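Student: Chain by chain, the residues:
Number of protein chains: 2
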Amino acid sequence: MPESSNGKEEALIVFTPSGKRGSFPIGTKVLDAARHLGVDIDSVCGGRGICGRCQVQPSLGDFPKFNVKSHADHISEFGAKELRYKEKRGMKDGRRLSCSAVIEGDLVIDVPADSQVHKQVVRKRAEVRNIEIDPVVRLHYVEVEEPDMHHPSGDLERVKTALKSQWDIDVTRADLPVLQTLQKALRDGEWKITAAVRYDGELIYVWPGFQGNAYGLAVDIGSTTMSVHLTDLQTGEVVSSVGAMNPQIRFGEDLMSRVSYVMMNPGGEQEMTAAVQETLNFLAGQAATEAGVDLTEILELVLVGNPIMHHLALGINPVELGWAPFALATNSAVELWADEINVRVNPGARAYFLPCVAGHVGADAAAVTLAEGPQYREEITLVVDVGTNAEIVLGNKDRLLACSSPTGPALEGAQISSGQRAANGAIERVRIDPETLEPRFKVIGCDLWSDDDGFELASAKVGVTGICGSGIIEVMAEMFLAGIMSADGIIDGSMAEKSDRIVPEGRTFSYIVRRGEPEIRVTQADVRAIQLAKGALYAGAQLLVDKLGKPVERVVLAGAFGSHIDPKYAMVLGLVPDCDLDKVVSVGNAAGTGARIALLNRKARGEVERLVADIEKIETAVEAKFQDHFVGAMAFPHKTAPYPNLQKVVALPARKTAQDGDDSDGTAGGGRRRRRRRG
Amino acid sequence: MPESSNGKEEALIVFTPSGKRGSFPIGTKVLDAARHLGVDIDSVCGGRGICGRCQVQPSLGDFPKFNVKSHADHISEFGAKELRYKEKRGMKDGRRLSCSAVIEGDLVIDVPADSQVHKQVVRKRAEVRNIEIDPVVRLHYVEVEEPDMHHPSGDLERVKTALKSQWDIDVTRADLPVLQTLQKALRDGEWKITAAVRYDGELIYVWPGFQGNAYGLAVDIGSTTMSVHLTDLQTGEVVSSVGAMNPQIRFGEDLMSRVSYVMMNPGGEQEMTAAVQETLNFLAGQAATEAGVDLTEILELVLVGNPIMHHLALGINPVELGWAPFALATNSAVELWADEINVRVNPGARAYFLPCVAGHVGADAAAVTLAEGPQYREEITLVVDVGTNAEIVLGNKDRLLACSSPTGPALEGAQISSGQRAANGAIERVRIDPETLEPRFKVIGCDLWSDDDGFELASAKVGVTGICGSGIIEVMAEMFLAGIMSADGIIDGSMAEKSDRIVPEGRTFSYIVRRGEPEIRVTQADVRAIQLAKGALYAGAQLLVDKLGKPVERVVLAGAFGSHIDPKYAMVLGLVPDCDLDKVVSVGNAAGTGARIALLNRKARGEVERLVADIEKIETAVEAKFQDHFVGAMAFPHKTAPYPNLQKVVALPARKTAQDGDDSDGTAGGGRRRRRRRG
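Protein sequences appear in the order of chains A and B.
Under the numbering used here, residues 1 to 679 are what the first sequence spells out, in order.
Under the numbering used here, residues 1 to 679 are what the second sequence spells out, in order.
Warning: the hint list may mix true and false statements.
All copies of an identical chain are treated as equivalent in the list; a pair is satisfied when it fits inside any one copy or across any two copies.
As the list claims (entries may be wrong) - Straight-line alpha carbon distances no greater than 20 Å define the calculated EDC-like cross-link-like pairs of lysine to aspartate or glutamate that follow: (1) LYS625 with ASP148; (2) LYS617 with GLU157; (3) LYS124 with GLU290; (4) LYS568 with ASP582; (5) LYS184 with GLU271; (6) LYS617 with GLU146; (7) LYS124 with ASP93; (8) LYS617 with ASP148; (9) LYS603 with GLU497; (10) LYS547 with ASP148; (11) LYS164 with ASP110.
Rather than coming from a laboratory, the hints here were simulated on the basis of the structure.
This structure is a prediction, so every number in the text was calculated from the model and none was measured.
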């Protein structure tokens, strides 16, 4: 071992995975050596052997790469504090508390990922960025000087001094609840407290003694469902997720009927605000209970939602979003006390609403964009978040455009004769035999197909109750591929000769997917509803393609709808422009993920704010071409646009001409004629 | 008239009182010329002829001093806007709206004080500084762009753009109530609103159309009474003042009994907080009603009070102030939403609490110091604010010290046998004939002395109900000067031979000030109570004199007590160290004045915060010399300290020695001996 200039023996220390190295006097604490080298090691207790966040793992053996022999006797034996921590809280074998263990010789010391301050949350999909943990609020344990009559000073001022000297934090202000609880906390904790401090120096809460847990809530307020993800602000882990129906549904199933409710019932927005805020409290409580977390440990909320949900959650009357020019109250991010929106978690907790993009493109779209990051890619990506409105973003690192499209709720299974939400018992997959026209299907909650042996028994506990959005898409695509339905969306009554599943219904025909109780069928009206929805969706996307002047190279389907849909069937029906099917991904609740990113990483907030400011907003209502695109997009997959990528995978039926006997004006006529023929 | 470089005729304009001058093209608006020269002219409406704050007065005639001939035809005729304003709101003759009047020739234009942004509030006493009006919040009228579907942006963002372009204001954040009301305000006001913006860019409220009024409340929370002064934030004028008893009195007359109540009734602080906050709301409402002001026009509160009142108003449990080491929760200023202390004025109103100096030296002392400004003077000033505790500040521009002294409530007339608060019917002035020992007195609410003709009739409507603090001081000083009471505070029973107003009472003697119902007398116990109080007061002041090492050159008596007291009598009793009587001033409610300064001038807040940080805090409880000073100060005016300045004005009785028959240990012994003699 080398000797230092002051004659004291020194040891060579190498930290992995950073590779940072240096010589330190024997007797130096591992944490001090790490800090000296700028190695990133976490700590809440400030090196007092309480929090256990600074764990390291000496790697023993010879490391020729580092030119170090790292031996077991090169690190101190377990001391009293460390033993007590291991006994009380548990610690993996081989792990040491770097604030207690002392260097006694050359060592290679590994800093595991969970001991780093700037931990990363690794996301499952390789193409999206990991989340660096850098929350807006952190916990700091401090020892505070007792008051002294000879040098009178306020308790808060001595806490500030302690935070400055022990953590180099400048407290800029303290919330009133802190002032109200500080004196008792200091005395109950025998002048040791844990302080929750925001990045800007705001002291928002104090606990007596040591407090190691800090959580946040990522909240997605959908028109239909609300979900919260209780997230550990220090590890990034989601410790519980709960959801509930949005209670505003009683004021109207879709967004516009809720806005109409407010227009017709002045003050109605307050009922809706109360309903959503109450549910938020309920969900926060449920998530906390499930995870065994105290509500006061929830220090931060991030909320996303479409513009109307955003406004209602904030207590802003949404009527202006119900008519042109669809003016938002604000298109900036909103940060306030959770208390201001009546959410009862930690009294110092803040709530951050991601910015809305435009009158119909909400904070949810901002969150999806944040989560999916089209702005970091070369490829032109089309991001579609289908809710009651479709929110559509298109572009790449050079330019992003956004619009919304009034799809209505049909793609979610609403306003469909046998439609239902995606829940147990809902048909979610359908295949139709092109020869016999017989269907087979799968329901949510049962792993078997309807023609598998034992399906009746296996599906009995969930039943077969209806058909959800993805089921609707699949059955219609299969009907189209099997020739039951024409490219213009007419259920072909002549097919009734081939199969008794095609039956007349008024002046049109329906296709029976399932006989029995309930009978589940696809009616001509159902087809029309889906045509309108998908036409709007396609038209919005195509409008952005026109503006950008570049074709779609990649499609991201977000939202509950997107997570169940098979990209192939979406393409067969022509929901989105043609694209290599390998480049179509379903990403599930990306809005929730975006909320979680903004919860865990404060820089992500600035990022999404800049992003939203830069996105070019297109208002479909003022674009003449939207209507043209819409009309063309009513056909499957499209009246004129080619689908070369789709056709590599699927053989589309040859497009019939009017001379082939197809009724190009659809609905009534065809049915009437056929009925006459039948009668 | 000269010609400008572009050939257009120019005129010479001189603004008074600033003397700023310049040449402007004929046709320039007076306001534009003023702005160009940096002449300070107010405006809320931004030069739209609505607010009338930019009034100027052309001075007509020849001004050889300025080398200008200023003629009536050198300024435009009244235009439509100006006429409408004059008709609707009224305007003094000769006045013009500078935003409407146009320069048509050379002019001397006077800017009256009430048209300046940085107006000064002139205070009555010459020795104190005037208040420059520079409030934390100002009103700005703006015209906002309407939303446009082709360029979608939030309503708030367009308001921000308008405030930037029309007022050069960068809005940093908007309160939630602004977001909740903004859209309606914009549409109701036809895209014209008035915004209340704080100095730091926080947008706190919006009104549709023009709103010209902004008020603040200066609040003094005394242990006994609470008072609010509703103040115009634009003119500095106090538009109404109301007061009420502090409702906490039901929990204890003096401060310490209230703290004891909390100690014995956990949670009792919440009752007291609720009581004081409710009263604050009541007083705010009353002040607003009296002045015809809408509660939403109250945009700011400044609060002062002793540490216990400060803590209770904020909802902080004051128990720590009840025992050593008397730790404050904070000794910094506290700024929060008025809503957080449950005061319902404008929802965006903030409340600012001046900082407390130390555990027994409150925000009221800070306010008194701010109002009186000893830190700007050469003379060593002693500032005494007598409440239940005396808060004492001593020093000059070089150094300030502060302490508090436990005087108890005797100096305010409490715990005195015939004592009462200063109210109608209370004896406030007393003179005793040194020969006959007959008293004469005045009561509050009656201008006559008790020996004036017609006193019985004149005083009948208020009655004679008791004796208040200043009456107590005067009667005791007169008793001492007349020889009825010794320097050691013994009422001399031998004087009973001279006057039947000296009567035995138990083992001591009393002096009857008024016979009848109620009989008003000064008992030996009353004298003892005053001795204890004034001894404590003197000792605190003397302790500071010791620390400073310099004698008192000036005395400021603040508080309700101070405002009624005659400095000579305060000195005769030795309440404060000797000082030139011409240098003793009573300043009334200086704490309220300090609050008003902090309300009207935002820089005063930084000033008082620095001041409080710099004041040296002396804790009397740990100073051994305090007890010595206290014992010496029990005598009138003092056992040993000379009162040369006082003796220039008043002949003090020669000090008797023990041999002269005085009983130096006082109370019981003297009485007993005398009774024996009598018996």
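Student: Please go over all the hints and tell whether each is borne out by the structure.
Tutor: Each hint, compared with the structure:
In this homomeric assembly, LYS625 and ASP148 come within 20 Å of each other (Cα to Cα) only across copies, at 19 Å, whereas the closest approach inside a single copy is 76 Å. Taking the closest pair of Cα atoms, LYS617 and GLU157 come within 20 Å of each other only across two copies (15 Å); inside a single copy the shortest separation is 48 Å, beyond that limit. Taking the shortest Cα distances, LYS124 and GLU290 never come within 20 Å of each other, neither inside one copy (24 Å) nor across copies (67 Å). Taking the shortest Cα distances, LYS568 and ASP582 sit within 20 Å of each other inside one copy (10 Å), while across copies they are farther apart (99 Å).
Only between protomers do LYS184 and GLU271 lie at most 20 Å apart by alpha-carbon distance; the minimum there is 18 Å, versus 39 Å within a single protomer. Proximity of LYS617 to GLU146 under the C-alpha cut-off of 20 Å is restricted to the inter-copy arrangement: shortest distance 17 Å between copies versus 57 Å within a copy. Within a single copy, LYS124 and ASP93 get their C-alpha atoms no closer than 28 Å, and across copies no closer than 79 Å, so neither meets the 20 Å cut-off. In this assembly of identical chains, the alpha carbons of LYS617 and ASP148 lie at most 20 Å apart only when taken from different copies (12 Å versus 61 Å within one copy).
Proximity of LYS603 to GLU497 under the C-alpha cut-off of 20 Å is found in neither arrangement, the shortest distances being 64 Å within a copy and 90 Å between copies. Taking the shortest Cα distances, LYS547 and ASP148 sit within 20 Å of each other only across copies (19 Å), while inside one copy they are farther apart (70 Å). Taking identical chains as interchangeable, the C-alpha atoms of LYS164 and ASP110 are never at most 20 Å apart, the minima being 30 Å within one chain and 54 Å between chains.
This entry does not satisfy hints 3, 7, 9 and 11, going by the numbered hints stated previously.
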